[in-house]
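Colleague: Sequence:
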Amino acid sequence: AERFPGLIGTLTGSMMELQTLQEALKMEIQVHQKLVAQMKQDPQNADLKKQLHELQAKITALSEKQVFQDTLLTQHKDIPGCPI
Numbered sequence: 008a009e010r011f012p013g014l015i016g017t018l019t020g021s022m023m024e025l026q027t028l029q030e031a032l033k034m035e036i037q038v039h040q041k042l043v044a045q046m047k048q049d050p051q052n053a054d055l056k057k058q059l060h061e062l063q064a065k066i067t068a069l070s071e072k073q074v075f076q077d078t079l080l081t082q083h084k085d086i087p088g089c090p091i
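If you read the sequence shown in my numbering, its first letter stands for residue 8, the second for the next number, and so on.
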């Protein structure tokens, strides 16, 4: 009998979700860096400003989700005998 029924699958899913979020954050930060470089060349470009603002909101949302997933995984590390 499984000692933690359903927990392993949930945690594995959380680990995969955390990895996906980290990859998405990395990609969005790279795009952000490119936009910042473009803004330095054309600081009055309204379209670039809009894109940058939208991207910053997206990065913030991804970061908040990442913190939530990390918290879920960290809490389960404290369960005695938990395999993950």
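Calculated directly from the structure, the hints in this document are not laboratory data.
No residue lacks a Cβ here, since even glycine has one placed at the ideal position from N, Cα and C.
Treat the hints loosely; a few may be bogus.
[As the list claims (entries may be wrong)] Pair ranges (Cβ atoms, derived): (1) 81 / 48: 38 to 44 Å; (2) 79 / 30: 17 to 23 Å; (3) 53 / 81: 19 to 25 Å; (4) 66 / 22: 19 to 25 Å.
[As the list claims (entries may be wrong)] Under the rule of at most 25 Å between Cα atoms (straight-line distance), these lysine-lysine pairs were calculated in the PhoX-like manner: (5) 41 / 57; (6) 41 / 72; (7) 47 / 57; (8) 65 / 41; (9) 57 / 33; (10) 47 / 65; (11) 41 / 56; (12) 65 / 33; (13) 57 / 72.
Colleague: All hints are to be evaluated individually against the structure, with a verdict given for each.
Modeller: So, going through the hints one by one against the coordinates:
Distance hint for residue 81 and residue 48: a CB-CB separation of about 42 Å, consistent with the stated range 38 to 44 Å. Restraint check, residue 79 to residue 30: a C-beta distance of roughly 18 Å satisfies the suggested window 17 to 23 Å. Between residue 53 and residue 81 the C-beta distance comes to about 42 Å, which lies outside the given range of 19 to 25 Å. Here the CB-CB span from residue 66 to residue 22 is close to 22 Å, well matched to the stated 19 to 25 Å.
Proposed proximity of residue 41 and residue 57 is supported: the alpha carbons are some 14 Å apart, at most 25 Å. Note on residue 41 and residue 72: the hinted pairing holds, with a Cα-Cα distance of about 24 Å set against a maximum of 25 Å. At roughly 15 Å between alpha-carbon atoms, residue 47 and residue 57 fall within 25 Å of each other, so this suggested pair holds. For the given pair, residue 65 sits about 15 Å from residue 41 by alpha-carbon distance, which is consistent with the 25 Å threshold.
As the CA atoms of residue 57 and residue 33 are separated by approximately 20 Å, the hinted pair is consistent with the 25 Å bound. The straight-line distance between the Cα atoms of residue 47 and residue 65 is roughly 21 Å, inside the 25 Å bound, and the hint therefore holds. Proposed proximity of residue 41 and residue 56 is supported: the alpha carbons are some 12 Å apart, at most 25 Å. Restraint check for residue 65 and residue 33: the C-alpha separation of about 12 Å stays at or below 25 Å, so the hint holds.
Restraint check: the Cα-Cα separation between residue 57 and residue 72 comes to about 23 Å, which is no more than 25 Å; the hinted pair holds.
Violated hints amount to a single one, hint 3; each of the other numbered hints is respected by the structure.
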